[in-house]
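Enquirer: Chain by chain, the residues run as shown.
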Amino acid sequence: MTFISNLINGISLGSVYAIIALGYTMVYGIAKMLNFAHGDVIMIGAYMSFCATTYLNLPVPVAILIAMCVCTVLGIVIEGLAYKPLRRATSLAVLITAIGVSYFLQNIALIIWGSAPKTFSSVVPFGSLRLFNGGLIITAESVVTVLANIVIMISLAIFTKKSKMGKAMRAVSEDKDAAELMGINVNTTISVTFAIGSALAAIAGVLLCSAYPVLMPTTGSMPGIKAFTAAVFGGIGSIPGAMLGGILLGIIEIFSKSYISTQLSDAIVFGVLIVVLLVKPTGLLGKKIAEKV
Amino acid sequence: MKKYKDLSSFAKTNIKCYGIVILAFLVMYPLQSSGMISHSISGQLVPICTYVVMAISLNLTVGFLGELSLGHAGFMSVGAFSGVITAISLSAAVPSPTIRLIISIVVGGLFAGIAGLIIGIPVLRLKGDYLAIVTLAFGEIIKNIINCLYVGIDEKGLHFSMQSDAALGLSEMGRVIMKGPQGAVGITKTATFLSGIILILFALFVVLNLVNSKTGRAVTAIRDNRIAAESVGIGITRYKLTAFIISAMLAGMAGALYAQNLSAVAATKFDFNTSILILVFVVLGGMGNIFGSIIAATLLYMLPELLRGLADYRMLIYAIILIIVMVATNSTQSKQIIAKIKSSLRTRKSNGEGADL
Chain A
149 MTFISNLING ISLGSVYAII ALGYTMVYGI AKMLNFAHGD VIMIGAYMSF CATTYLNLPV
209 PVAILIAMCV CTVLGIVIEG LAYKPLRRAT SLAVLITAIG VSYFLQNIAL IIWGSAPKTF
269 SSVVPFGSLR LFNGGLIITA ESVVTVLANI VIMISLAIFT KKSKMGKAMR AVSEDKDAAE
329 LMGINVNTTI SVTFAIGSAL AAIAGVLLCS AYPVLMPTTG SMPGIKAFTA AVFGGIGSIP
389 GAMLGGILLG IIEIFSKSYI STQLSDAIVF GVLIVVLLVK PTGLLGKKIA EKV
Chain B
19 MKKYKDLSSF AKTNIKCYGI VILAFLVMYP LQSSGMISHS ISGQLVPICT YVVMAISLNL
79 TVGFLGELSL GHAGFMSVGA FSGVITAISL SAAVPSPTIR LIISIVVGGL FAGIAGLIIG
139 IPVLRLKGDY LAIVTLAFGE IIKNIINCLY VGIDEKGLHF SMQSDAALGL SEMGRVIMKG
199 PQGAVGITKT ATFLSGIILI LFALFVVLNL VNSKTGRAVT AIRDNRIAAE SVGIGITRYK
259 LTAFIISAML AGMAGALYAQ NLSAVAATKF DFNTSILILV FVVLGGMGNI FGSIIAATLL
319 YMLPELLRGL ADYRMLIYAI ILIIVMVATN STQSKQIIAK IKSSLRTRKS NGEGADL
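These protein sequence lines map, in sequence, to chains A and B. Counting with my numbering, you get residues 149 to 441 for the letters of the first sequence. Counting with my numbering, you get residues 19 to 375 for the letters of the second sequence.
Fair warning: there could be bad hints in the mix.
Derived coverage of chain B by chain A (criterion: at least 3 residues anywhere in the stretch with Cβ under 8 Å from a Cβ of chain A; other residues may be distant) [claimed, not checked]:
{"no.": "1", "segment": "151-157"}
{"no.": "2", "segment": "296-302"}
{"no.": "3", "segment": "330-340"}
{"no.": "4", "segment": "345-352"}
Here chain B is said to cover these stretches of chain A; the calculated rule only asks that three of the stretch's residues, wherever they fall, bring their Cβ under 8 Å from a Cβ of chain B [to be verified]:
{"no.": "5", "segment": "373-379"}
{"no.": "6", "segment": "408-418"}
{"no.": "7", "segment": "422-428"}
In case anyone wonders, no lab produced these hints; they're calculated from the structure. Just so you know, even glycine gets a beta-carbon here, dropped at the ideal spot from N, CA and C.
My request is simple: use the sequences and hints to build the entire structure.
Expert: See below:
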């Protein structure tokens with residue numbers, strides 16, 4: 149029974165990682181940049197939802213919608229101000245700028261909300277599910293998280309396959325210059341990608357803080373790093389890869405916490421990542437890129 | 019004597035780098051020993067020295083080897099804790115603090131070098147962002163393991179444990195050196211500004227000479243074009259590994275010095291943010307530019323201190339400055355403007371020379 153409950157917890161945590169990893173992987177696929185500020189967008193999303201429910205007493209769906217809108221705008225603004233001028237710069241320059249943005253968001257949050265942790269009340273109004281006479285307890289948060297993950301994955305898959313914008317995204321990620329010649333507005337496509345990624349980050353923030361209700365300006369950093377790891381684990385740039393990587397990472401983390409050592413769980417997660425990358429250097433579902441001489 | 023203008027670029031870099039460090043020492047040392055500068059600034063001198071060494075060593079990996087490393091603080095951590103354990107173990111056997119400091123720095127460098135070898139062999143097979151993520155993972159693993167590590171010493175020698183300090187089984191004479199999440203405790207402060215400067219000069223000596231040696235040329239050739247370098251018979255793995263290990267060793271030495279400037283140090287000090295901080299020094303100073311690393315590390319380390327009057331806003335302003343500098347120096351438009359200014363200066367100069375004739 150503990151095994152099953154651990155498995156469910158792992159899938160639930162992994163679903164949050166997967167939603168965050170989607171933001172990383174989509175941006176990487178299209179703009180070829182590691183957006184290190186993504187983890188902090190999660191934190192902003194969580195704070196927004198927190199403020200909307202606590203101070204304004206708004207209903208939960210409205211609060212989540214507000215958080216998503218704010219994060220979407222934030223993502224577009226960040227992209228336009230900080231990343232757009234660096235479209236042709238080296239990837240390292242963009243990386244450092246992204247780190248600057250990450251510091252910026254953390255410190256803005258620090259000034260507005262202070263460093264004291266806030267207790268986030270869960271957005272899920274249902275109680276836990278009790279099965280087998282209480283032998284197996286499934287929290288409502290984990291059910292909602294997994295469902296949200298599935299819905300997001302399916303709609304994103306349909307979006308990228310069928311819609312015009314989704315096709316444009318795939319074209320840009322394949323070859324930016326050729327896409328531009330075909331009349332695709334590359335800048336708009338990249339902005340839309342950031343917008344989608346940031347909106348997803350808001351959802352992830354709300355779900356993460358519902359399960360682990362401590363909200364601080366640094367709340368987003370560690371899940372951000374883990375989700376980035378998950379994206380690489382599954383093969384960065386691949387949407388199913390982000391899903392697979394996120395869920396596996398969550399399962400590994402929960403299992404090593406409960407069976408091996410609580411303190412060493414991060415070391416085990418990252419150790420597994422290193423081993424996977426050594427065996428499959430482009431991640432689990434990553435494309436193998438042939439090298440031209 | 020040759021004019022400065024006629025010297026080779028190697029000699030010029032040497033003069034600039036050694037010159038600025040010695041100059042900084044000559045200015046700061048008398049000020050510090052006579053107590054002319056405030057306590058908060060003189061307390062920053064050793065950390066600045068260690069971060070300069072870190073920037074120089076990371077520049078070897080990022081600038082010359084061309085591999086992005088996001089876990090350089092991991093090597094610093096390995097060096098710091100092995101150095102502290104060495105220093106405390108030797109406190110009875112070696113009475114002189116200076117010799118103890120030197121031994122502990124050497125040991126710190128050796129252990130970090132071994133860590134560099136262990137991580138380098140598998141990691142250097144990967145490329146680009148994948149290498150970055152593995153170094154990141156490595157830094158986190160080191161932090162996590164040291165966070166659970168308990169080390170103690172008694173007359174029988176060193177004791178290690180992953181559970182608690184009681185599990186060390188020390189005798190009554192024993193003493194706990196590392197207490198898991200609290201990190202190393204009871205460190206004797208032996209690091210001085212002079213030792214920091216000497217370590218910088220040593221790092222400069224190693225890196226500048228390495229870059230200008232046959233090995234260094236091979237390393238930059240691999241960075242510029244791996245396949246071309248391989249085709250002219252350069253052993254990729256060997257040279258990459260050499261540069262990576264030297265970089266790790268220097269980071270370990272800096273870590274050992276850093277830890278012995280404090281009375282207690284925890285593993286969380288050497289986290290992802292520290293690695294990023296050092297990377298920022300290197301990128302803003304200019305990749306492959308050692309002089310730039312020295313300047314950037316010093317200025318950027320002092321920047322939050324200088325902004326201290328702004329209290330909560332200082333890191334915000336730091337972030338804004340970082341973004342503005344990166345966008346200003348790397349965007350296409352600003353590059354065009356810089357190129358225009360340069361070319362107009364050049365035409366003016368050549369016109370001026372023409373008028374002289």
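Enquirer: Each hint should be assessed against the structure and marked as holding or not.
Expert: Here is how each hint holds up against the structure:
1. With a threshold of 8 Å between beta carbons, the proposed coverage of the segment 151-157 of chain B by chain A holds, since 5 of its residues qualify and at least three are required.
2. Check on the segment 296-302 of chain B: 4 of its residues sit with their Cβ under 8 Å from a Cβ of chain A, so the three-residue criterion for coverage holds.
3. With a threshold of 8 Å between beta carbons, the proposed coverage of the segment 330-340 of chain B by chain A holds, since 8 of its residues qualify and at least three are required.
4. Coverage of the segment 345-352 of chain B by chain A holds [criterion: at least 3 residues with CB-CB distance below 8 Å; count 7].
5. Against chain B, the segment 373-379 of chain A contributes 3 residues with a C-beta closer than 8 Å to a partner C-beta. That satisfies the three-residue criterion, and the hint holds.
6. A stretch counts as covered by a chain when three or more of its residues have a beta carbon under 8 Å from one of that chain; for the segment 408-418 of chain A and chain B the count is 6, and the coverage holds.
7. Note: the segment 422-428 of chain A has 3 residues with beta-carbon separation from chain B under 8 Å; the three-residue rule is met and the coverage holds.
The structure fails none of the hints (numbered hints given earlier).
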